[in-house]
Amino acid sequence: MDLRGKKVTLHDMCLRDGMHSKRHQISIDEMIAVSTALDEAGVPLIEVTHGDGLGGGSVNYGFPAHSDEEYLKAVIPRMKNARVSALLLPGIGTVDELKMARDCGVNTLRVATHCTEADVAEQHIGLSRELGLDTVGFLMMAHMVEPEKILEQARLMESYGANCVYVTDSAGYMLPDDVRARVGLLRRELKPETEVGFHGHHNLGLGVANSMTAVDAGATRIDGSAAGLGAGAGNTPLEIFAAVMDRMGVETGVDIFKLMDVAEDYIVPMMDEMVRVDRESLTLGYAGVYSSFLLFAKRAEQKYGISARDVLVELGRRGTVGGQEDMIEDVALDMVKEREKADELAAGGGA
Amino acid sequence: MKIRAALIGSGNIGTDLMAKALRSEWIEPVWMVGIDPDSDGLAKARDAGLKTTAEGVDGLLPHLEEDNIQVAFDATSAYVHADNARKLQERGVLMIDLTPAAIGPFCVPPVNLKDHVGKQAMNVNMVTCGGQATVPMVAAVGRVQAVEYGEIIATVASKSAGPGTRKNIDEFTRTTARAVREVGGADKGKAIIILNPADPPLIMRDTIHCITAEEPDQEAITDSVHRMVHEVQKYVPGYRLKNGPVFDGRRVSMFMEVEGLGDYLPKYAGNLDIMTAAALRTAEMFAQEIDKGTFVPEPSTPAVAETA
Chain P
1 MDLRGKKVTL HDMCLRDGMH SKRHQISIDE MIAVSTALDE AGVPLIEVTH GDGLGGGSVN
61 YGFPAHSDEE YLKAVIPRMK NARVSALLLP GIGTVDELKM ARDCGVNTLR VATHCTEADV
121 AEQHIGLSRE LGLDTVGFLM MAHMVEPEKI LEQARLMESY GANCVYVTDS AGYMLPDDVR
181 ARVGLLRREL KPETEVGFHG HHNLGLGVAN SMTAVDAGAT RIDGSAAGLG AGAGNTPLEI
241 FAAVMDRMGV ETGVDIFKLM DVAEDYIVPM MDEMVRVDRE SLTLGYAGVY SSFLLFAKRA
301 EQKYGISARD VLVELGRRGT VGGQEDMIED VALDMVKERE KADELAAGGG A
Chain Y
1001 MKIRAALIGS GNIGTDLMAK ALRSEWIEPV WMVGIDPDSD GLAKARDAGL KTTAEGVDGL
1061 LPHLEEDNIQ VAFDATSAYV HADNARKLQE RGVLMIDLTP AAIGPFCVPP VNLKDHVGKQ
1121 AMNVNMVTCG GQATVPMVAA VGRVQAVEYG EIIATVASKS AGPGTRKNID EFTRTTARAV
1181 REVGGADKGK AIIILNPADP PLIMRDTIHC ITAEEPDQEA ITDSVHRMVH EVQKYVPGYR
1241 LKNGPVFDGR RVSMFMEVEG LGDYLPKYAG NLDIMTAAAL RTAEMFAQEI DKGTFVPEPS
1301 TPAVAETA
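Residue numbers (my numbering), protein chains in the order written: chain P, 1 to 351; chain Y, 1001 to 1308.
No wet-lab data here; the hints were simulated from the structure.
A virtual CB, placed ideally from N, CA and C, is assigned to each residue, including glycine.
Any given hint could be a false lead.
Examples of chain P residues lying across from chain Y (beta carbon under 7 Å, computed) [said to hold, decoys possible]:
1) V59
2) D119
3) S159
4) N163
5) D177
6) G319
Stretch by stretch, here's where chain Y covers chain P in the computed footprint (C-beta under 8 Å, at least three residues) [claimed, not checked]:
7) 81 to 95
8) 131 to 140
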C-alpha cells in the first residue's frame, strides 16, 4: 500500500465516543486537560458532547455529568489551534441544540443517521451549512447495507449541504475489503470537493488496518481516539494510527510523541475499566452490534444473571440499529422469561 | 344516529381511517377529500361509496350543509391544516387533527378525551403516533404518584415513517415531549424516535421510562398500568405490554409493542394504526355526546398555530 504524499485530517473521539465507556461521566476538568493536551499535540479536530450526541442525556443513554453546553463552553475557548466538533443524531437531538453548539463556537457539526435513513437529516444538515459550519454527514452501521446503498444515502447528505460524508463502522464489524468498497465508491462518485471520512471501532482489532485502507481508498478524514477511548473495544487508537501514517509518509501534522503521552498520561488513567477487545466487545464486532450497547449488556448481565454475550448476539439477530439501547433490557427480560419457562418444564418433567 | 364525517387527505392515514370508520357504529364517512384525482385513496373511497373531490377542502365546502357534515378528520399536513381548520370551523365543523399542527389541545383518548368534550373543544389534536402509544403509560404512573421526568423511545419501521415525519423529525420529538408533560403529567418530558429498516419490518415498539418523585408504589403502579393497557386495547387491540413495569430505584419502565389491525396499512405500522384508531375513538366519543345533545358543534375560529 503506497500512501506517500497523502494528507489526512485526524479527528479525536475521546471526549464524545469515549463518553460511552465513561458512562458520560467525564468531568469538566478532565475535558479541559485532555482537550488542551490534544491541542498541544497538534490534533486538528476534537469532538465534544454526550456519547449519543447533542441532547443525548436521557434515561435511555445515560445522563451526563455536565450538559453539552457546559462541556463545549469549557473546551472551545481554551483551544489554540484545534477546532471542536459536535455530533447530532436527528430523533435524539434537535436544531435547538445545533444552534446552541454553534453559539458555543463549534467549527464542525456532524449529523448522524442510520445508513439507510439519511433523509431525516435534511433539516439539520441544511441548517448547519446555512450557519456556515463545516458540515459532515455520518452514515452509521454502514456494514449493514451494500456500498451502492451507502452511495445513494451519501448523495442525499451531499445534496442537503454536507461537505464531507463518513462511512461509519459503528459495530466494528467491517473487514478491510468492506471499507475499501464503501469508501472507494463514495470517493469515485461524490463531488470531488466533498470529502470522505471513515470512523472505525476496534472490536475486531482492525481499527488501524481499516483506517489505512480507507485512506488508500480516498478518505481524507479519519476518526480515532487517544488510547482508543470509545464505545465497545474503543475507536481506532489515534496515536497508533498517527505513528503508522507517519511511517507511511502521510502528513497528519500531529506530534506523535505528544499524542502517545496524552494516551498514556491522561486517557489510560481515566479509564473505568481497560478499553480492549474482550469477550463482549469482540462479540459486537463479530455479530455486527452497535458498540455503545456494550456496557448496557454488561449491566443487564449483572442485574438479570444472563450472559451479556447472549444478549448482544440476540440484538444482532433482531437487526437493532444505533440508539436502540432500550432493547437491551427488553431482550434481557425476554431471556429471563424463557429461562423461567425452561426451568418450569424441567421441574415439571417428572409429574 | 350516526354523525356524518369528512376525511381530508387521501394518503395512507386517511385511507386507513376510512376503513375503520366504515365499521363504526357512531361515525358515517361521507366524503373523502384529496388533491390527486388518481390517488389510490380516492379510488378506494369511491369504491366504498363515499363522495370524493380532488379539489382539496374547497371542493368539500359547498356540500357541508346538504350532507350535514359535522366532523372532519384532517390527515394532510400541519401547513394545510391551518387553512382547513379556518374554513371548516367557521362553518361549525368539529376538527379532529391528525397533523402535527397542534392548533387545538392534545387529545389522548384514555387520558383526557372526556375533558375536551366537557370543554366544548372544536379542534383537537392527536399528538403523534409516539404520543398516542406512550402518553397513556406516563399518565398511568402519574395517576398513582407524581412523575418528575417522563421519557419515551418510539421505534418504528422505516417503511412506516412518511416523508412528512422525515422532513421534520424535530417536530415529532418536540410535540411528543410536550404531550408527555401536558397530557401525561410529567414535570419534564423527553422523546426519542428511532427508525429501523429491518426487513421484514418490525412492529412498532415503545419504551416508557418514568422517574417518580418518591419511591414508587410498585403494586399500585403495576395495577394502574395494566388497567390503562386495557383501556387502549379497546380501540387498538394490538397494544401490548411486552415487559414491565420494571422498577429500579425511582425508575419505572414499560416496554410496549403496537401491532396494527392491518386495514389499509400493514400490521407492523402500529404507529399509524394507533393514530387512526385514536382519532376515530375521539370522533365517536364526540358523536355520542352530539347524539345525546350534550355537545353542540358551533362555528368557531381556530387558534393560531404555535409552530408553522
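Hints versus structure:
| no. | hint | verdict |
| --- | --- | --- |
| 1 | V59 | holds (4 Å) |
| 2 | D119 | holds (5 Å) |
| 3 | S159 | violated (14 Å) |
| 4 | N163 | violated (21 Å) |
| 5 | D177 | violated (23 Å) |
| 6 | G319 | holds (4 Å) |
| 7 | 81 to 95 | holds (count 5) |
| 8 | 131 to 140 | violated (count 0) |
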